[in-house]
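Protein sequence lines correspond, in order, to chains S and P. Count the first sequence with the working numbering and you get residues 7 to 180, in order. Count the second sequence with the working numbering and you get residues 17 to 497, in order.
Don't read these hints as lab results, they were simulated from the structure. Treat the hints loosely; a few may be bogus.
[To be verified] Subject to a maximum C-alpha distance of 30 Å in a straight line, what follows is the list of computed BS3-like cross-link-like pairs (lysine-lysine):
| # | chain 1 | residue 1 | chain 2 | residue 2 |
| --- | --- | --- | --- | --- |
| 1 | P | Lys336 | S | Lys46 |
| 2 | P | Lys340 | P | Lys266 |
| 3 | P | Lys19 | S | Lys42 |
[What the hints assert, rightly or not] Covered stretches of chain S (chain P as the covering partner; in silico rule of three or more C-beta atoms under 8 Å from a C-beta of chain P):
| # | segment |
| --- | --- |
| 4 | 9-23 |
| 5 | 30-44 |
| 6 | 90-96 |
| 7 | 99-110 |
| 8 | 163-172 |
[Claimed, not checked] Incomplete in silico selection of chain S near chain P, CB under 8 Å:
| # | residue |
| --- | --- |
| 9 | Ala64 |
| 10 | Thr83 |
| 11 | Gly143 |
C-beta: ideal position from N, C-alpha, C; glycine also.
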Amino acid sequence: MVKIAGLVTLILDIILVLTTVFLMLSARKAVEGGNKVIYKVRKPYATLLILALVAIFAYTITKMPYRAMALTTPAATVNVTGHMWYWQMEQEGAPALGALPKGEVIEFAVTAADVNHGFGVFDPDGKIVGQTQAMPGYTNHVRMVLEKPGLYHVLCMEYCGLVHQAMIGFLTVE
Amino acid sequence: MEKRNRNATIAWLVVSFAVFVVMIGLGITMRLAQGLRIEIPPATFYALMTMHGLGMAGALFAGALSIIWYIVSRTCKVSLGVSWISWWLFLIGAVALLYATLVGGFGPGWYALYPLPFVNAAWPSWATGLAIISLLIMGVAWLLYQLDILRAMAAQYGAKRLLAWEYIAGRTPAEPLPAVILIASMCAIAGTLGTLSGAATLVLYFLKWISPATNLDALLLKNTMFMFGHVIVNVCIYCGLCAVYHLMPKYSKRPWGVNRVTAIAWNATLLFVLFAYFHHLYMDFAQNKTLHIIGQITSYGSAVPATAVSLFGIASQVYKSGIKWSFTPASFVLGGMGWAIGGVAAVVDSTIMVNSYFHNTLWVPAHFHTYFLVGYVFMFFGFLHDFFNSKAERFAVTSFVGMILGGYGFLSMFYLGGYFGVPRRYAAYTAIQAGDIANKGALFASLGALFATIFLISAIAFAISLFAGRTPADEKAVTAA
C-alpha cells in the first residue's frame with residue numbers, strides 16, 4: 007500500500023513538473039489565441055479525472071479500516087489504554103498480555119485515560135501495520151492481522167505532551 | 017487613499033514576512049534537534065513546535081488576507097481604520113503568543129487538542145491562559161479584517177453577486193464580476209467561518225481555564241479545531257491564487273475573467289474546503305463513518321476545480337503567450353506547480369485506506385509544507401515582487417533558484433520520512449527501536465535542516481532584492497501606479 011501510494015505520488019509529480027516546463031517553454035512564442043487548445047483539453051481531462059477519482063473511491067472505500075475483518079471472530083481482544091506516557095494493554099480473558107497468535111485477527115479496543123494518544127503498531131521490521139486514535143471518553147475498535155512473528159512496537163502517533171517521543175509499548179507475536 | 021492603502025498593506029506584509037522568516041528559524045532548530053545536531057530539552061522543542069505551527073499559519077494567513085484586501089481596495093471602499101485596528105490586534109496577539117510559548121513554555125502543538133493544555137502540563141497555567149487569550153485576540157483581528165473585506169465588496173457589487181451565482185444560472189450580467197472579487201469572496205466567507213470555529217473552540221478553552229471543573233467533549237473540540245486549522249491554511253492558498261488571477265494577465269496580456277465554469281468551480285471549492293477537514297479525523301474510529309466518507313469525497317472533489325479550472329487557467333495564461341519570464345510570472349507558475357504537487361500528496365493521504373499508514377507520519381507535514389512553502393509562498397513572493405516594483409530582477413531570480421533548491425530538498429526529506437513511517441511531532445527519534453526508523457528519522461531531519469537553511473538564506477536575499485537598487489523616483493512611480 008505504502009509503495010503504491012509513494013509511486014503514484016512520484017509519477018504524478020514528475021508529470022506535473024514536465025507539464026510546467028513544457029508550458030513555460032511554449033511561452034517563448036506568442037501566438038494569438040494559442041491557448042484555445044488548453045480549453046479543448048480541459049473537458050476530457052476533467053472527465054478522466056472524475057472517472058479516475060470515482061473508481062479509486064469505489065475501490066478504496068471497501069477497504070476502510072473501520073469494519074475490516076468484521077465478520078471474523080477475533081482470536082484475541084486486547085484492551086488498550088493510553089496514559090501519559092505509557093500503554094496499558096490487557097488481553098481479555100487472560101491474566102496478562104501474552105504472545106499474540108501470528109496471522110490471526112486481533113481486535114484492539116483503544117481508549118485513553120488522560121489526553122489524546124495515537125495507537126500505532128509497527129512490525130519487527132519497523133513497518134506500520136495500522137493505527138487508531140486513543141481518545142478520552144471514546145473507545146476505538148481496530149482489527150489487525152500481525153503476520154510476522156517477533157517483537158512489535160506500539161508508538162504514540164498523536165502528540166501527547168512532554169514524553170510523547172518515548173511513549174512506546176511492545177507486543178509479542180508467535 | 018491609494019498611498020494610505022499601500023502603507024496599510026505594507027504593514028501587514030512586513031509583519032507576515034518577518035514572522036515567516038523567524039518561524040523558519042524555529043523549524044530549522046527543530047529539525048537540527050531531531051537530527052541530533054543540537055540538543056534541546058523536549059519541553060523547549062514542543063514549545064518551539066507550537067509557536068512554529070501557530071506563528072507560521074497565523075502570519076501567512078494574515079499576509080494572505082492583506083493581499084486580497086489590497087486587491088479588493090482597487091475597486092471597493094475598504095476601511096483603513098479596520099485594517100489598522102486588525103493589524104494592531106494581530107501584533108498584540110502575536111507578541112503575547114510568543115511570550116506564552118517561548119517564555120512560558122506553552123507547548124500543546126498548534127492544535128492544542130483538548131484536554132492536553134489543561135492536563136499535567138509541563139508549562140504554567142498562566143501560559144495556557146495567555147496563549148488562549150492571545151489567539152482569541154488574533155482571531156478577532158482576522159475576523160474584523162475579513163468581515164470588512166466582505167462588507168466592502170457587498171457595498172460595491174451587491175451581496176447577491178459576490179459568489180457569481182448569476183453566471184451559474186446562465187445569465188451574463190451587464191457589468192461583469194471581476195474574478196478576483198469572486199475568489200476574495202470565497203476566501204473571506206470560508207475564512208470567516210473557519211475563524212469562527214476556532215474562536216468558539218477557544219472560548220470554551222477559556223471557560224475551562226478559568227473553571228477547571230468544566231468538562232468538554234474531546235471529539236467535538238477536535239472537529240472544531242481542525243475545521244479552523246484546515247480552512248485557514250487552505251484559504252491562504254486561495255488568497256495566493258487571487259494574486260495570480262489579479263496579476264498574471266498583466267504579464268500574459270490575456271484576459272482572465274469569470275464565466276459559468278469558473279463560478280461553479282469556486283462555489284464548489286467553498287463547499288469542499290469547509291467539509292474536507294473530516295480527513296484529519298479518519299483515525300478517530302468512534303466518529304460517525306459517514307463523516308469520514310464525506311471527508312474523502314470532498315478531498316477528492318477539491319482536486320477537480322483546483323486543477324481543471326485554476327491550474328488550467330494558469331496554463332491558458334502561459335501557453336504560447338510570449339510572456340517574458342521574470343520573477344513574478346515565474347513564481348506564480350511554479351507556485352501553482354508546488355500547490356499541485358502538495359495537492360497530489362494530500363489527495364493520496366485523504367484516502368482513508370492509505371491514511372491508516374500515513375496518518376501522523378512525516379507524510380502529513382510533507383504535503384502541507386509543499387503547498388505552503390513552494391505553493392502559496394511562491395505566489396506571495398510573486399505578489400511582493402510586483403507590489404514593490406522590484407528593480408533587482410537578476411538578484412530576485414537568483415534567490416528564487418535557491419528557494420527552489422532548498423524548498424524541494426527540504427520537502428523531499430519529509431516525504432522520505434513519511435514513506436518510511438517516521439512519526440511526526442517527535443522531539444527525538446532516539447527512543448524508537450522499531451526497524452531503522454530512528455536512524456532514518458535523524459538523517460532526514462539533518463538533511464532537511466540543511467535544505468531549509470538554503471531556503472531561509474534565499475528568502476532573506478529575496479527580501480533584500482525587493483529594495484535593492486531603488487531610487488526615490490522608483491518609489492514615487494510605485495505609488496503613482
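Right, here's what the structure says about each hint:
no., hint, result
1, P/Lys336 to S/Lys46, "15 Å, holds"
2, P/Lys340 to P/Lys266, "11 Å, holds"
3, P/Lys19 to S/Lys42, "39 Å, violated"
4, 9-23, "holds (count 8)"
5, 30-44, "holds (count 11)"
6, 90-96, "violated (count 1)"
7, 99-110, "violated (count 0)"
8, 163-172, "holds (count 10)"
9, Ala64, "11 Å, violated"
10, Thr83, "15 Å, violated"
11, Gly143, "6 Å, holds"
In terms of the numbered hints stated before, the structure departs from hints 3, 6, 7, 9 and 10, listed from lowest to highest.
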